Amino acid sequence: MSAAPILSTKPELSGKTVRRAKVPVQPIVAVLAAVLLLGVPFWLVISTAGKNQAEALNPNLNAPSQWQLFENFGQVFSEGRMLTGFFGSLLVMVPAVFGVLILGSMAAWVLGRRGGKGMAVIYAVAISGIVLPPAVVTIVLLLRQLGLAGTAVGMIGVYMGMYLSTVIFFVTGFVRTIPPELEEAARVDGASPLKVFLKIILPLLVPVLATATILICLYIWNDVFYALFVVGGRLDTLPLNLYQVASSGLYLQNWHLIFAYITLMSLPLLITFVVAQRKIISGITSGAVK
Amino acid sequence: MTAVMSPQDVSRVEDTSKARRHGGKRGGKNDHPLWFLIPALAVLVVFFFIPTLFNFIYAFTNWSSFKSAIGFTGLDNFITLFNSGTLLNALRVTLVYAVLVAIFQNLFGLVLALLLERDTRVNRAVRVAFFIPVIMSALAVGYIFQALLKPEGALNGILSFLTGNHVSIAWLGDTTWTIVVVALVHAWKWMGLSMLIYLAGLKTINDDVLEAARLDGASWWTTFREIRFPLLAPAVTFNVATALLGSMNGFDVVQATTEGGPGGSTELLNIFIFRTFGQGLFAQATTMSLVLFLAVAILAFPLIRMLRKREDVL
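Line by line, the protein sequences are chains A and B.
Each residue of the first sequence is one higher than the last, beginning at 1 in our numbering.
Each residue of the second sequence is one higher than the last, beginning at 1 in our numbering.
So that you can see chain A by itself, here it is in the shape it has in the complex:
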């Protein structure tokens, strides 16, 4: 579909033009792809979220005969426990992200600076969590034994255990690119390791920590699988409430409410993304391709 216009471009041989010659077909194909692949699903969400129950019973692409988007928003806001879900999501995400960033960069600094076999083994073990799946059933058992079952603290601990590996992996690689001389200078002035870490290293880590923050926020904000096991029914988060709204018999087939909920719940990340898209996109891509 998209290969056609690119293939039809004749290579430009003259002058210093490095990029292909301008093709008027390409923008049309790009916009068409966006409209078909993204426009259709998104229009379905918005139009259905604006319908009444009878019209939304069988979701289609017709515009609502009468828009009642904000009435539906109001209804899920009060009945879908939107606010408690929002604050519940924040309550677990913020401490978990701060925790992994601080603990992860502390460990990564030492792992990136000290050599030897022992360190290599610890590093390998510490980053193995990037690929290995968490033991989701027995973690519930462990939390029960610790008295943390169904609590926000338990959930924060589980998320930290899951995403510390990612932070350690990203930050250790970054620490190795920081010249050790920068630390030595402070050390000569008598600064303690903690001070060197806080005053010299941590500020330099900001770009890589920003990337890690974006990724981990994305994962935790949207997670429902681990939340179902650890805090399901005990604590509200936005995805957990969506799951309840969509799967409870009361709301079954109430597509206008499901889609109104989806619209509202996507807004915080969507707004953040639109405001900071340049930084987010460059942050994510810089970590992946080296």
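Calculated directly from the structure, the hints in this document are not laboratory data.
It should be emphasised that the depicted structure is a prediction, and the values quoted were computed from it without experimental measurement.
Among the hints, a few may not be true.
As the list claims (entries may be wrong) - In silico DSS-like cross-links for lysine-lysine, where the CA-CA straight-line distance does not exceed 27 Å: (1) B:Lys203 x B:Lys309; (2) A:Lys117 x B:Lys309; (3) A:Lys279 x A:Lys199; (4) B:Lys203 x A:Lys279.
Once you've looked at the hints, dock chain B against the given chain A.
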């Protein structure tokens, strides 16, 4: 900060550090104390490694919500799950799903990256649009497609309009093809991320190389196949590995579209674990969790090594 230091500064600093290492008893090791590792390792041990270790223990017990005592039963859970066919089915479905997602997600991501490669205003806007599904909840994406793919849903509506006949395909009700449809939905959600990574990879390719190929009269396709695609190896490694391993751990999209149906044909390991856990059969859920852990562990390390080797050849 590096730029601020003059070369003399750096050499002076190096001198002092050398002097300290030789003179003082405190070697460089105390500058990076081991206790910095302890908080992170403690969290990892408590919340990641101990539960994983428990997997290897409780998979061999009769732990359930029906009785308070837990006793060892050996391989009973494995035998029960194996004989009922659920173990092999869930494992097969998970692997098929992961491979399909990896193929679709990379194919779509690469095609999008090539389509939107030039830095125009339209392309930048379309790239941002394709990243929106990535930031959405996978559960929400699943519900959107459940509505879209109903027999009387929007997709069949569009197809009816285009063909002029009434189309009512049950996209999510076929025991053979639904897994492909669900994998396509999963790939749709993540293709924007693959696209970004491929775009970044394409940007790192030296323009002179492409110009030389062009002067030699190489076609777009030859240039892509012989030069650009091989140079994309690091991006391919990252994308294939994350797509494959991420979807082996998949749950949200499938739970929201089919809940494992029809007839268990899309029952991923995680769907099974969630359902069995809900029924109170904790030991069986743990057994499947262990199976998932082992499957990922067995696949991940050779996969990453293989993909890395491909990079080295270049």
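Cross-check of the supplied hints:
{"no.": "1", "hint": "B:Lys203 x B:Lys309", "in the structure": "holds, 22 Å"}
{"no.": "2", "hint": "A:Lys117 x B:Lys309", "in the structure": "holds, 23 Å"}
{"no.": "3", "hint": "A:Lys279 x A:Lys199", "in the structure": "holds, 24 Å"}
{"no.": "4", "hint": "B:Lys203 x A:Lys279", "in the structure": "holds, 17 Å"}
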